[in-house]
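Trainee: Given next are the chains, with one letter for each unit.
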Amino acid sequence: MTSRVGVVVFPGTNCEHDVVAALGSLGAAAELVWHGADSLAGLDAVVLPGGFAHGDYLRPGALARFSPVMEAVARFAAEGGPVVGICNGFQVLTEAGLLPGALQKNAGLRFLCTTVTIRVETSRSVLTSGVAPGTELRIPINHFEGNYTCDEDTLARLRDEDRIVFRYVENPNGSVDGIAGVSNEGGNVVGLMPHPERASAAILGSTDGIVLLRALLASAGLRSGSGPAALAG
Amino acid sequence: MPVADDSLHRALGLTDDEAARIAEILGRSPNHLELAMYAVMWSEHCSYKSSRIHLKRLPTKGPGVLVGPGENAGVVDVGDGIAAAIRIESHNHPSAVEPYQGAATGVGGILRDIFTMGARPIALMDPLFFGPLEDARNRWLVEGVVAGISGYGNSVGVPTVGGELTFSPGYSRNPLVNVLCLGVMPTERLVLGQASGEGNLAVLLGSSTGRDGIGGVSVLASAGFSEDGAEDAAKRPSVQVGDPFEEKRLIEACLELLDQGLVVGIQDLGGAGLCCATSETAGRAGMGMDVDVSAVPRREAGMEPFEVMTSESQERMLAIVEPGDRAAVEEVCRKWEVRAAVVGIVTAPTPVGGGRLRIVEGFGGEVLADLPAASLSDDAPLYERPLAPPADLADRRADDPAALEAPGDCGPDLLALLCDPTWVYRQYDHQLFLNTVEGPGGDAAVLRLAAPGLPPSRRGLALSTDSNPRWAAVDPRVGTALTVAESALNVACAGARPVALVNCLNFGNPEHPEVMWELSESVDGMAEACRELAVPVVGGNVSLYNESAGADIEPTAVVAVLGLIEELDRRPPGAGFTEGGTLLLLGTPDKSLAGSRWAVERRGHRGGSLVGPDYGALRALLVLVAGLANSEGVVTGLHDVSGGGLGLALAECAVRSEVGCEVESVADHAELFSESPGRVVVCTDDPAAVEARAVAAGVSVRFLGRAGGDRITVAGLLDVDLAEATEAWRGALPVALGEPAPA
Chain A
1 MTSRVGVVVF
11 PGTNCEHDVV
21 AALGSLGAAA
31 ELVWHGADSL
41 AGLDAVVLPG
51 GFAHGDYLRP
61 GALARFSPVM
71 EAVARFAAEG
81 GPVVGICNGF
91 QVLTEAGLLP
101 GALQKNAGLR
111 FLCTTVTIRV
121 ETSRSVLTSG
131 VAPGTELRIP
141 INHFEGNYTC
151 DEDTLARLRD
161 EDRIVFRYVE
171 NPNGSVDGIA
181 GVSNEGGNVV
191 GLMPHPERAS
201 AAILGSTDGI
211 VLLRALLASA
221 GLRSGSGPAA
231 LAG
Chain B
1 MPVADDSLHR
11 ALGLTDDEAA
21 RIAEILGRSP
31 NHLELAMYAV
41 MWSEHCSYKS
51 SRIHLKRLPT
61 KGPGVLVGPG
71 ENAGVVDVGD
81 GIAAAIRIES
91 HNHPSAVEPY
101 QGAATGVGGI
111 LRDIFTMGAR
121 PIALMDPLFF
131 GPLEDARNRW
141 LVEGVVAGIS
151 GYGNSVGVPT
161 VGGELTFSPG
171 YSRNPLVNVL
181 CLGVMPTERL
191 VLGQASGEGN
201 LAVLLGSSTG
211 RDGIGGVSVL
221 ASAGFSEDGA
231 EDAAKRPSVQ
241 VGDPFEEKRL
251 IEACLELLDQ
261 GLVVGIQDLG
271 GAGLCCATSE
281 TAGRAGMGMD
291 VDVSAVPRRE
301 AGMEPFEVMT
311 SESQERMLAI
321 VEPGDRAAVE
331 EVCRKWEVRA
341 AVVGIVTAPT
351 PVGGGRLRIV
361 EGFGGEVLAD
371 LPAASLSDDA
381 PLYERPLAPP
391 ADLADRRADD
401 PAALEAPGDC
411 GPDLLALLCD
421 PTWVYRQYDH
431 QLFLNTVEGP
441 GGDAAVLRLA
451 APGLPPSRRG
461 LALSTDSNPR
471 WAAVDPRVGT
481 ALTVAESALN
491 VACAGARPVA
501 LVNCLNFGNP
511 EHPEVMWELS
521 ESVDGMAEAC
531 RELAVPVVGG
541 NVSLYNESAG
551 ADIEPTAVVA
561 VLGLIEELDR
571 RPPGAGFTEG
581 GTLLLLGTPD
591 KSLAGSRWAV
601 ERRGHRGGSL
611 VGPDYGALRA
621 LLVLVAGLAN
631 SEGVVTGLHD
641 VSGGGLGLAL
651 AECAVRSEVG
661 CEVESVADHA
671 ELFSESPGRV
681 VVCTDDPAAV
691 EARAVAAGVS
701 VRFLGRAGGD
711 RITVAGLLDV
721 DLAEATEAWR
731 GALPVALGEP
741 APA
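Protein chains in written order, with my numbering: chain A, 1 to 233; chain B, 1 to 743.
Heads up, some of the hints might be wrong.
With a straight-line cut-off of 25 Å between C-alpha atoms, the simulated SDA-like cross-links for lysine to any residue are [claimed, not checked]: (1) K49(B) / A388(B); (2) K105(A) / V735(B); (3) K105(A) / W140(B); (4) K591(B) / G580(B); (5) K335(B) / A37(A); (6) K105(A) / A394(B); (7) K335(B) / Y57(A).
What the hints contain is simulated information worked out from the structure, not anything from laboratory work.
No experiment lies behind these values; they were computed from the predicted model shown.
For reference, chain A alone in the conformation it holds in the complex (with noise of 0.2 Å):
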């Protein structure tokens, strides 16, 4: 049985083609989610793409978290779902409370849309399972507001419980502690601003991405009784 994968779209958002494309051309299922639903049933992992959900007017993410579907999403994420937020996601998750930390403006005060080199750091996470911590990934980033911020205990508590999932090798946009990526307590939900489905494709300038998205499926699949290993780290 093919995972399923929902790719959750906001009005607004623009990224759902890109991830939907990219999952299926490593074989999975996957399918767009409207905002407006309120059950994931029958999805073995729920992505939440890029892009400007209900225009980002206010705080990216801040109405979002709103949405009927991030109810199930919350559910979904405590029941052990994979739960994977790319830029735009990230910053939901963030608002919605399912990640710690939030995302402000970059340090430049510009949009950066560039290809950066992030470091993989650990592979306790549904996105990086399998992956060997110290894996160096040449991934596009494609934001304004991606310098992750967060106090003192908290950046000390995801340090301590290996919860950074991806550093940027060069920092681009201020982050603290170089943080690209992280992920909740379980390991099953995790937010990044680059974006894997960008790196997906050689003629497209690179394929770094596809080893995460692969790890995705590969915890969709334990998920829904198809996996093909065991999750490694």
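Knowing the structure of chain A, use the given hints to seat chain B on it.
Mentor: This is chain B only, laid out in the frame that chain A set:
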């Protein structure tokens, strides 16, 4: 209907003759509302009254052309059941007074032109022209315009994949902000902006209507700027305000309506607002329309009917739907949170005089305006304005920059010409949709031909926007022909065959005979090159009155060539070197310096004369170069010679790939900095194969030198450290904008 007073037409921008013509069409004196409607529709911006007579000389037919000029966008068949829609527009005047919103709403407007055809917008490009960055106001304009494009384009979710950045003193108070959009659709989704079918409903979709942008096309876009800054600032309320989130929902709602077959015609609301959309849709179908002005959702109270009809509030579309589909249309709009209001009913044409556009206060209520729908566009005045070459033309042509003293060392000039546009384009999302194979900064953007709902295809599209106001200032006819040649060569370097062209003609005050001469000459040059290269012109835009303090801008004809790649299965080689590669020059060497960046920017010399393209040689070169770009392993780098000449082409390849070069056979500074297109620098590990192909194609080929090392060396002319060149290239723009140089 009270008759408007005698001088009102002048305040609205109409001449006495035009007002008399309106009275003749109506058979009576127009009232205020009617005059206001004619004033916006007959403005230079909407009616092309000064340029139409020239534009018809452009070749517009071709085997793949599905929709030519005159509709919202040109449409070409790109194979595999897919059609591409393309259009370019200017948003110069709004951007001059309010750079962020001016540029942002330019993006919004061009997107609507594309999805109104049924196409999903997949790429934007922005040719930008500013005055020198030593001037603080110009820096403010650059920052604002780029932020506006970034803020709107990124949020609405359409990648900006390229453009141009040009600096010249002539643009100081009147920057040019052109914006191009490319869309794709399954061919059968193509829809036109027509209001057919008596009794069908005109449904206004999207934003409510406010007082923003009233007179945008007439007050702002059809007049120049004065010396008085306060007067220009006072035009700011005529600039619209953009809402990319509304537009994003509007795109998705409209494409869903089209997919479900719920609209018979659709038209965006741009310049001249509801007045333009209702009259054009009715006029094209030979029908009339009753428009209930009281049914238009409003942003503020107390708006007059003329304000509602001419407002340029953004993010609005007019869909023509059958009454039976109304509920289904409203359902789609509810899902996307898009407002939908029935504001009009299509009416049958009258036996005499065709369809009438009637503005009413409630259907069946008071008639506020009543005029022939088609008269707003079809009867617009057509001017054959006087044209004359500039008085000093002969003197300027005789003043050839060949007479300038040759530099002892060409290195400093070369370093000064280097400018990396990364500062601009990394503020743009240029990767969305996973189509961007080659993004901004190369010869042409290269895109996969894919989008949700499209049939699968192995093809790709290449897109390049080009202009050369320096050439056009020397000779608008030849300069524009050369610009077309350059644009075609840019897409060839990406492995594509040119299939269509759109243009944006930015010129000064059409009431100046020299400006009209420049426009006319440019059109002739473009027509000649397009005919010779068999590239049809499928759309265009004309922006006039680009002047400030009485001085016209340099003639700026922007062309964009769309190229088709038959099989896009890997990245084209791109502009760069590989260590140890052999460097060859394809095409005929040239020494003309007229209008070159070296002569104009480095020596302040604007004279000389241009030699037109050798079309036979160019056609052979286009085929050869596209073939080389598409053949795996034959060439490792490819870059056409354009602004800055062979010298800059070499230097750009070197800094982009971080590989130096050692070039032996460039005769002098003229050969190094001459810009005439028709030449391509090639880096190859198999020079014999490239030479054999060139000989077979009848294209001249010459050995230049070798790639490698950490210096850029041209024997006898320059020897520059690669690191120094890279620093100059990367730092040029940030440093000029007062920021630290990138590390």
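Trainee: Holds or violated: K591(B) and G580(B), Cα atoms, limit 25 Å.
Mentor: violated (28 Å)
Trainee: Is the straight-line distance between the alpha-carbon of K105(A) and that of V735(B) 25 Å or less?
Mentor: It holds: about 23 Å lies between the C-alpha atoms, which stays within 25 Å.
Trainee: Quick one, are K335(B) and Y57(A) close enough, alpha carbons at most 25 Å?
Mentor: holds (20 Å)
Trainee: So if I understand the rule, the pair passes when the alpha-carbon distance is 25 Å or less; does K335(B) with A37(A) pass?
Mentor: The hint holds at about 12 Å.
Trainee: Is the Cα-Cα distance between K105(A) and W140(B) 25 Å or less?
Mentor: holds (21 Å)
Trainee: K105(A) and A394(B) were given as a pair; does the straight-line alpha-carbon distance stay at or below 25 Å?
Mentor: Violated, because 56 Å separates the two Cα atoms, which is more than 25 Å.
Trainee: Starting from K49(B), check that the Cα of A388(B) is at most 25 Å away, please.
Mentor: holds (18 Å)
Comparing the model with each numbered hint stated earlier shows that hints 4 and 6 do not hold.
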